[in-house]
Amino acid sequence: MPGLPLLLAQAFNGLALGSLLALSASGLTITLGTLGVLNFAHGALFMLGAYAVFVVLGHTDSLLLAVVLGGGFMILVGLVFERVVIRLYYDRPAEDQILVTFGLGILIVEGVRFIFGGLSQRVPLPSWGQGIVSLGFMIYPKYRLEVIGIVAIALFALYVVLYRTRIGLVVRAGIEDTMMVNMLGINVRRTFMLVFAMGVLAAGFAGMVYAPLVSVDPDMGGPFLAESFVVVVIGGLGSFPGAVAGGLIAGEIISLTSAFNPDYSYVMLYAVMALLLVVQPRGLFGPEGRA
Amino acid sequence: MKNRQSSGLGRRSVLAAGLAAGGGLGLPLFFPGLAEAASYPPLGNFPAGVAGDSAFIGITPPLTGAYSADGKDHALGYQLAIAQINAGGAIPAAWGLKGKGVLGKTLRYKIADSELKPNVAVQAQTQFIEQDHAIMITGCVSSATAIALEELAQRMKVLNMVGCSGSNDTTSKDCQRYGFRSQPSAHMAATALGPVVAKALGSNRKVAYLVPDYTYGFSVFDSFSNATKKYGWTTTSKQVVPVGAADYSSALINIANSGADIFCNIAFGNDAVASCKQADQFGVLKKMKLVVPNISAFQAQELGAKIMSGVYGTFDFWWTLEDRYPLAKTFVETFDAANKYRPSWGAHIAYMQTYVWAVAVERAGTFYPVEVIKTLEASKADPFDSTLGKVWYRAEDHQMVRPVPVVQGKMPADMKTKDDYFNILEMVPGEQVINPLTDLMGCKLGTYT
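Residue numbers (the working numbering), protein chains in the order written: chain A, -2 to 288; chain B, 509 to 957.
There's no promise every hint is true.
Straight-line Cα separation of at most 25 Å, BS3-like style, residue types lysine-lysine; simulated pairs [unchecked claim]: (1) K888/B x K918/B; (2) K814/B x K139/A; (3) K608/B x K618/B; (4) K888/B x K606/B; (5) K139/A x K794/B; (6) K795/B x K139/A; (7) K797/B x K139/A.
Simulated from the structure, these hints should not be mistaken for lab results.
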């Protein structure tokens, strides 16, 4: 039985881990909840964000600048994908959407592998994130602490744009009745494009923030795609608050189980998801009828 | 000593016609290959696979997934060896080969991405065996794949020169008559490393382990913890993590709180890089000495010399061995010239296994798998010249007996070139560290036919 200090340490780490999962899952849930598109290229876009930071950091020492430029790149990628591919699939069955985004994901991963090779790349910690902080009950990497704050701000900004501005309103109305919104003189397609780009930006931003912590390689997005889906299922398909809650819950499950037996941490995550699907098929905050 | 095999069905047909015309008298004396080919029954892809003027090799490295960098390097090793063997000349001659190709046959090959999945590798190799009539299969960077391919090889009676595989199981409980492994087993690596780290880091140390959740991880953990037990090293934490995990924070918190003096990281490939990087960020590497029983091929390059300096571990091969062995020098130089970087040990295993197989076939005088296997099994009496000096396969479990390089990461200031990451502390003779014949760890080789 692990002692209280270790359990506290793991609970805190679960919060940090969960915030990253929440950010990663939020991009997925934005496109699902607002556009109804299941984006299986999400993991690849997460990886692309990490590589964007890696490339920019080859020319500057500023992680902040790298994130800004990388963010611009991700928005551009999102706009192009939506305009060229995704737009053609809004009215098609979910299976088609899954297949096309899955294919896009493979193209991105193999494209990156072709350009950069399979070796993992080094993204250094920013100078303001180096070192270890003592929290009394544990020591913890400073950057991971800062990431909790960065993620919280990013999630809040996303929420405000999508649910407290006219853009979000237009998108949700457009999903219900595109023709009616068009007749009101609003260009729904353009708004859809913007929202898809925001979903891509969220995935890429998670990759950028995560890059200094993990091994940046072409396959790094795979586990995040799987975990993000678990988070979205726990939180409720398409629910933004659900993604945040689901992320934090998933982080705690993984971390606290690890205190007892790390071998079972991911088993426990999937077990909880399965149990939740039995008890509450639409997840914690999933909208009615989306179960 | 067998004679050379007949080189083609067409020629045999012509000769057979001549034999009929000549009354069948005395011809085998002048064409011994004909008699030799006729003396072996069909088995696996013999003789169909070598009926023409070429022989086919099926290669399945992981070109995607967590070990893709190692897989690409592995593939380049095969390509270099095959190109050299086909071209003939001084390099293959130095290994003991005669002329161009193997027994005069050009080697052909195809490379398929195993995606680091045993079932994908088995599927691809089955296709190579059935459609391309592969006479030898090889290539992997995972013991799980290695074991699956060994089973396939045994079933299909096609030789498998195992690629990268460190698990003991490959040549113990899952050993096969048709599988031969050149990489040191986990037991060999741990037994070579144990005394070195005990001397350097002291006795009675507490060790925390990060263990990837598959046969390789468990095998290395068992071997290293056993090898260091006699020095009073004890396990305070064993963190089993899935392959391909990105975040090791939960496991590292347990390790940081374990009270250990030594952090033994068994994760491999990109997982090793991510976990070491995070261990550094969690302050684990400041509190504990890092030991990596099997250092991944590109780990130092990916992590940087700062983290890897002082780290103890073992390799299959490190490029500075070119100073000790002439064939290693040729390998490193020709690989560097072709690919613009010095080879890692993934490439080395591919290169060495291909050459050793080719030499064994020529010694056997036939591609007939049983004779090739028996030649490899008899190599203790007549070891192969190789990139590691004289090496041979043990007949009882098909593990190569070869020296094990024990290395330590250099301080950045001590590096003479940008890829001069390691000092070779010792080349521990294979005979000293291989498990004894009285303990084959459950190996029961299958049948020849």
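How the hints compare with the structure:
Straight-line distance between C-alpha atoms of K888/B and K918/B comes to about 35 Å, which puts the hinted pair past the 25 Å bound. For the given pair, K814/B sits about 20 Å from K139/A by alpha-carbon distance, which is consistent with the 25 Å threshold. With a CA separation close to 20 Å, the supplied pair K608/B and K618/B stays within the 25 Å bound. At roughly 22 Å between alpha-carbon atoms, K888/B and K606/B fall within 25 Å of each other, so this suggested pair holds.
A distance of roughly 15 Å separates the Cα atoms of K139/A and K794/B; the hinted pair therefore holds under the 25 Å criterion. Taking the CA atoms of K795/B and K139/A, the gap is about 17 Å. The hint holds against a cut of 25 Å. With a C-alpha separation of about 22 Å, the suggested pair K797/B and K139/A falls inside the 25 Å cut-off, and the hint holds.
Hint 1 from the earlier list is the only one contradicted by this structure; the remaining hints agree with it.
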